[in-house]
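Just need the whole structure built from these sequences, with the hints factored in.
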Amino acid sequence: MSNSPLATGTITTCRRPIDSVEYAEENGNGKVNIGHHKHRKISSSVNALMRPGRYLSRWIFGALILLMISTMFVKIILIHLFLRVNATITSHHDFLQLPRHVMHAQNSEIWANLGSDKFYKCIDRSSIKTKDKSMSNGYILVHANGGLNQMRSGISDMVAVAKLMNASLVLPMLDHKSFWTDPSEFKDIFDWQHFRKSLEDDIEVLESLPPSVANIKPFVKAPVSWSKASYYSRDILKILKRQRVLEFTHTDSRLANNGIPDSIQKLRCHAMYEAIRFTEKIEQLGTKLVNRLKENGEPYIALHLRYEKDMLAFTGCNHNLTEKEAEELRKLRYKTKHWKEKRINGTERRVLGLCPMTPREAAIFLEAMEYPSNTKICIVAGDTFGKNGLKALQERYPNVYYHYNLATEEELKPFMQRHNQLAALDYILALHADVFLYTYDGNMAKAVRGHRLFQGFWKTINPDKQNFVRLIDEMDNKKLSWKEFASQVRLLHVNRTGAPNVRAVAHSPKQEENFYANPFPGCICLR
Numbered sequence: 001m002s003n004s005p006l007a008t009g010t011i012t013t014c015r016r017p018i019d020s021v022e023y024a025e026e027n028g029n030g031k032v033n034i035g036h037h038k039h040r041k042i043s044s045s046v047n048a049l050m051r052p053g054r055y056l057s058r059w060i061f062g063a064l065i066l067l068m069i070s071t072m073f074v075k076i077i078l079i080h081l082f083l084r085v086n087a088t089i090t091s092h093h094d095f096l097q098l099p100r101h102v103m104h105a106q107n108s109e110i111w112a113n114l115g116s117d118k119f120y121k122c123i124d125r126s127s128i129k130t131k132d133k134s135m136s137n138g139y140i141l142v143h144a145n146g147g148l149n150q151m152r153s154g155i156s157d158m159v160a161v162a163k164l165m166n167a168s169l170v171l172p173m174l175d176h177k178s179f180w181t182d183p184s185e186f187k188d189i190f191d192w193q194h195f196r197k198s199l200e201d202d203i204e205v206l207e208s209l210p211p212s213v214a215n216i217k218p219f220v221k222a223p224v225s226w227s228k229a230s231y232y233s234r235d236i237l238k239i240l241k242r243q244r245v246l247e248f249t250h251t252d253s254r255l256a257n258n259g260i261p262d263s264i265q266k267l268r269c270h271a272m273y274e275a276i277r278f279t280e281k282i283e284q285l286g287t288k289l290v291n292r293l294k295e296n297g298e299p300y301i302a303l304h305l306r307y308e309k310d311m312l313a314f315t316g317c318n319h320n321l322t323e324k325e326a327e328e329l330r331k332l333r334y335k336t337k338h339w340k341e342k343r344i345n346g347t348e349r350r351v352l353g354l355c356p357m358t359p360r361e362a363a364i365f366l367e368a369m370e371y372p373s374n375t376k377i378c379i380v381a382g383d384t385f386g387k388n389g390l391k392a393l394q395e396r397y398p399n400v401y402y403h404y405n406l407a408t409e410e411e412l413k414p415f416m417q418r419h420n421q422l423a424a425l426d427y428i429l430a431l432h433a434d435v436f437l438y439t440y441d442g443n444m445a446k447a448v449r450g451h452r453l454f455q456g457f458w459k460t461i462n463p464d465k466q467n468f469v470r471l472i473d474e475m476d477n478k479k480l481s482w483k484e485f486a487s488q489v490r491l492l493h494v495n496r497t498g499a500p501n502v503r504a505v506a507h508s509p510k511q512e513e514n515f516y517a518n519p520f521p522g523c524i525c526l527r
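Residue numbers 1 to 527, in the working numbering, belong to the letters of the sequence shown in order.
These aren't lab readings, by the way, just hints derived from the structure by calculation. In this text, all values refer to a predicted model and were calculated from it rather than measured experimentally. Where a beta carbon is used, it is the ideal one built from N, C-alpha and C, also for glycine. Please note that the accuracy of each hint is not assured.
As the list claims (entries may be wrong) - Listed next, with one range per pair, are the computed distances between beta-carbon atoms:
1. I239 / E395: 56 to 62 Å
2. T347 / P398: 28 to 34 Å
3. A499 / G353: 17 to 23 Å
4. T322 / S481: 52 to 58 Å
Said to hold, decoys possible - In the DSSO-like style, the derived pairs of lysine-lysine whose C-alpha atoms are separated by at most 30 Å in a straight line are:
5. K281 / K478
6. K197 / K221
7. K324 / K342
8. K197 / K324
9. K177 / K446
Shown next as structure tokens:
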């Protein structure tokens with residue numbers, strides 16, 4: 001509750017008291033008596049005041065006094081009612097604001113999901129071919145590379161690959177060499193027993209290689225990216241049968257988005273959205289943080305800002321940064337060997353809509369989309385880069401949260417220095433948000449977006465950054481008024497808020513819509 005005096009429910013008003021009303025009247029001798037008529041009765045004075053005519057000026061003056069007194073009385077009642085409403089607000093940011101549920105109810109459209117009863121999840125396990133009961137063709141070891149969500153989608157693909165080859169899958173090894181160097185193993189992040197149990201009708205999942213093949217040297221291979229099912233069921237299967245144990249060095253994007261058998265597409269979704277579940281301790285804390293944000297039925301936005309040092313260095317984007325900060329990013333890009341692009345024009349990238357939004361751009365976007373300033377915003381990303389940080393966002397939206405200010409120090413203690421486990425908490429916060437807004441179409445954005453579509457087309461805003469950047473620059477250059485700018489932003493995003501749309505197909509896999517970003521068709525069907 002606020003420490004302001006208004007929040008305590010008491011108020012002190014200071015005003016000059018009106019002790020008497022003086023008036024002037026002429027007597028029969030032409031003399032003036034001022035305010036002294038003791039010989040007259042009070043009733044006659046009142047009657048004189050109530051009658052216009054020769055006493056018109058006194059009558060008007062008395063009426064004004066009466067109006068002033070009644071106005072003050074009404075004002076005091078309204079202040080009292082306001083303080084009773086204000087006393088219900090507990091956040092220190094909410095002083096002199098109506099309760100959030102009152103504010104949000106005024107425009108429920110901005111929170112509404114665009115799902116439809118015409119669609120449903122269609123990955124029913126009974127409709128899919130069950131596991132081949134014959135002997136396994138061999139064993140697959142996989143190194144899941146990248147961050148948390150890149151690894152999750154890669155592991156889901158490897159489940160499908162094992163099914164295509166009737167192979168046994170050993171629990172995947174996780175990446176410890178990516179930007180965050182997280183030492184967590186599969187069992188530290190995921191419920192491995194649930195993973196194995198959920199997939200038992202499709203493939204065999206093992207904790208380790210059985211003794212019969214433990215001494216065989218694995219055949220190491222990096223599968224070809226965006227491969228069709230036949231690549232595995234024909235070419236790789238031959239190697240597996242000959243070598244008995246395969247070791248895949250990469251798992252990301254190793255299976256095509258489209259042109260895959262329907263049963264395999266459904267299995268990919270089953271693996272991604274149902275089998276790969278976080279550990280109980282992660283799930284419990286994530287749910288607790290979601291509930292804290294949704295206290296009293298209040299909605300919140302999960303903002304995947306992605307204005308982080310690694311992403312800015314990788315993309316070459318440096319809009320709104322100082323020269324020193326831009327140089328720091330350039331050095332990191334050249335230092336990171338596996339990032340192939342080194343010379344990047346950040347200005348051109350931004351104009352093409354290929355940069356993460358800045359905190360200021362995100363704030364202006366939300367304001368244009370008519371989200372009120374008291375909206376709760378949960379940042380589901382790492383620390384914001386640059387000396388100004390989130391200042392531009394917090395100036396417009398002061399109710400900003402991270403997992404670290406939603407949880408206690410004691411609650412977060414088991415997760416410290418485990419960035420993938422903290423990313424799992426962010427994933428839960430993003431998945432269950434009333435609105436998910438992502439400012440860069442990376443692996444987490446794709447994973448969360450697809451999961452929310454799968455759950456029933458929960459509201460997910462996909463910004464048209466190329467046109468948004470053009471509009472905001474025009475507004476900054478005084479070519480557009482705020483009203484014109486906001487109207488055009490809303491018009492641009494009428495069909496970009498999570499409504500059912502068939503997955504876009506292109507000639508190049510890199511240019512088409514990612515399967516895990518939009519599992520329709522494949523895992524979502526029309527009734």
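Hint check results:
For I239 paired with E395, a C-beta distance near 58 Å keeps the hint of 56 to 62 Å intact. For the pair T347 and P398, the supplied restraint of 28 to 34 Å holds, since their beta-carbon distance comes to about 31 Å. For A499 paired with G353, a C-beta distance near 21 Å keeps the hint of 17 to 23 Å intact. Between T322 and S481 the CB atoms are about 30 Å apart, so this pair departs from the stated range of 52 to 58 Å.
A hinted pair counts as satisfied when its Cα atoms are at most 30 Å apart, and K281 with K478 does not qualify at roughly 52 Å. Using a Cα cut-off of 30 Å, the hinted pair K197 and K221 holds, with the two alpha carbons roughly 28 Å apart. Using a Cα cut-off of 30 Å, the hinted pair K324 and K342 holds, with the two alpha carbons roughly 18 Å apart. Distance restraint check for K197 and K324: the Cα-Cα separation of roughly 52 Å exceeds the 30 Å cut-off, and the hinted pair is therefore not satisfied.
Simply put, K177 and K446 have alpha-carbon atoms about 22 Å apart, close enough for the 30 Å limit, and the pair holds.
In terms of the numbered hints stated before, the structure departs from hints 4, 5 and 8, listed from lowest to highest.
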